[in-house]
Amino acid sequence: MLVQAFAFYLFAGILVLSALMVITARNPVHSVLFLILGFFNSSGLFVLLGAEFIGMIMVIVYVGAVAVLFLFVVMMLDIDFANLRQGAMQYVPVGIIIGGILLFELVALYTSWHFAPDIAGNLDVPDSGFAEVTNTEALGLVLYTKYVAAFQLAGLILFVAMVGAIVLTHRVRPGVRRQKVSVQQARSPDDVLEIVKVAPKTGV
Amino acid sequence: MDLIVSIWSDYWIVRTVVFTLITVVGLLIAVAYLTYAERKVMGAMQRRQGPMTVGPFGLLQPIADGVKLFSKETIIPSQAHRVVFLLAPMILFALSLVAWVVIPFDKGWVLANINVGVLYLFAISSMGVYGVIMAGWASNSRYAFLGALRSASQMVSYEVSMGLIIVCVLLTTGSLNLQEIVLAPRPFWIQAMLFPMFVVFLISILAETNRAPFDLPEGESEITGGFMVEYSAMAFALFFLGEYANMILMSAITVTLFLGGWLPPFGFEFLAFVPGIIWFALKTAMILFVFIWARATLPRFRYDQLMRLGWKVFLPLTLFWVVFVAGMLITFDALPK
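As given, the protein sequences belong to chains A and B, one line each in that order. In this text, residue positions in the first sequence follow our numbering: the first is 1, and each later residue adds one. In this text, residue positions in the second sequence follow our numbering: the first is 1, and each later residue adds one.
Here chain A stands alone, though its shape is the one from the complex (with noise of 0.2 Å):
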């Protein structure tokens, strides 16, 4: 037990300062590096919970695919940081004004409102026999029966995110001479040489 609370209290101190360090940190690359740390860390505490699954797929998804293609773009851009900074003091009120809604909205919400009380009735958790399985097969035996609508509505909208992204970004340049590897393999030596015997001092 004193293992757990120790790593409980390591991934979770590690967690919070590093989502520190993401709005804190002067370069935006060094602020996604903190942010890569903080997915790790919360990843560590999926494991701890149990949810080894889940937080496999935080650290392949997030760490894996996401946060390198931010890290790329982060890369890419050449900003002007101490330009940017210059002006930024004048937004404080409004972003004070922002988080104050938001933090009167929270505890207006969570004082008084009491979000959907006969949900525990609603929730049709099959939790019978799942005690034995590991939680990746207790997570395929509901998603892929009970919930396939949801879950193939997810991909469905993936999908479009997906197929929107590539018709946003594509263009077609004129005048750019691509590899075609097909008439490449389609081309027989018969079709583009030609064997010409050549008699002394005449040429071709």
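FYI, nobody ran anything at the bench for these hints, they're computed from the structure. Virtual Cβ for every residue (Gly too), placed ideally from N, Cα, C. Wrong hints could be hidden among the right ones.
Claimed, not checked - Simulated DEER-style distance windows between Cβ atoms: (1) B:THR74 <-> A:ALA149: 56 to 62 Å; (2) B:TRP189 <-> A:LEU49: 57 to 63 Å; (3) B:VAL274 <-> A:ARG187: 48 to 54 Å; (4) B:ASP304 <-> A:ARG187: 16 to 22 Å.
Given chain A's structure and the hints, the job is docking chain B onto it.
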């Protein structure tokens, strides 16, 4: 003596530390002699002798190389981002070591027998790109940055098809635990069905470890060494060790997923008297030979060809194969229970 025995049996942390040390030291020795094997094998393929002078048959050459790298000066460019610059090789090297905790060397010989071993390996290997990309950015050099960009897109691209290939294997085994994957029953037709995926996986791990013919991130003829151009001495040595440790790791993953791990080859029972770890090491060495063989024989890909192979050939093929394997398993009622 009794004290040692009681400490050994009472404190799991002592056992874990000892086993970890054995694994790490063994891995470092394996890396050292992999570089030796590479030079010898490539020498033989190119009708040269390879290292010959240091020790008998040049066997002490890796140690001499290590001492040389250790005694050199670590140069940090004045324009570099110091912390990230020094962190990058450490991350790359550490990642190539931590993945070994889930690899089963023999039945029960595994440091952490976790339920999601395959996902753990995939997560760790997908993080390998950070070492490269951080090195390229922190060096503050054009060549290093170009190498890092190439590496990032290359590794992300080939991970996609690797993930789908792993899904194919998982469909036939029904478990994410690496020991159970090795022990899952594999009739001949399932093996035959997975064979094309084995070939694609082999090519993908060449790209994933930035090895020839996909070594564009280093590409010495065009970007003079790529992301590690600014590194010297121990920082460079860590990249070097990390790259070779990653090669061994990827070979071990291939062996675990496709070649039956520590089990004797082709299911021959009469070969079972040989310890499993020997079979595991032999199979891993066989895959490593393919790495070296490919480096000695194939020219480097052009970058657009690399991307075409990853996205337009491997991705549709593996995606189709996932559906095909699943369909076959359902048709013949062979889904793992």
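Checked hints:
1. For B:THR74 and A:ALA149, the hinted distance range of 56 to 62 Å is satisfied, since their beta carbons lie about 58 Å from each other.
2. Between B:TRP189 and A:LEU49 the Cβ separation comes to about 40 Å, which falls outside the hinted range of 57 to 63 Å.
3. Separated by about 51 Å at the C-beta atoms, B:VAL274 and A:ARG187 satisfy the suggested range of 48 to 54 Å.
4. Distance hint check: the CB atoms of B:ASP304 and A:ARG187 are about 19 Å apart, consistent with the given range 16 to 22 Å.
Of the numbered hints given earlier, the model fails hint 2 alone.
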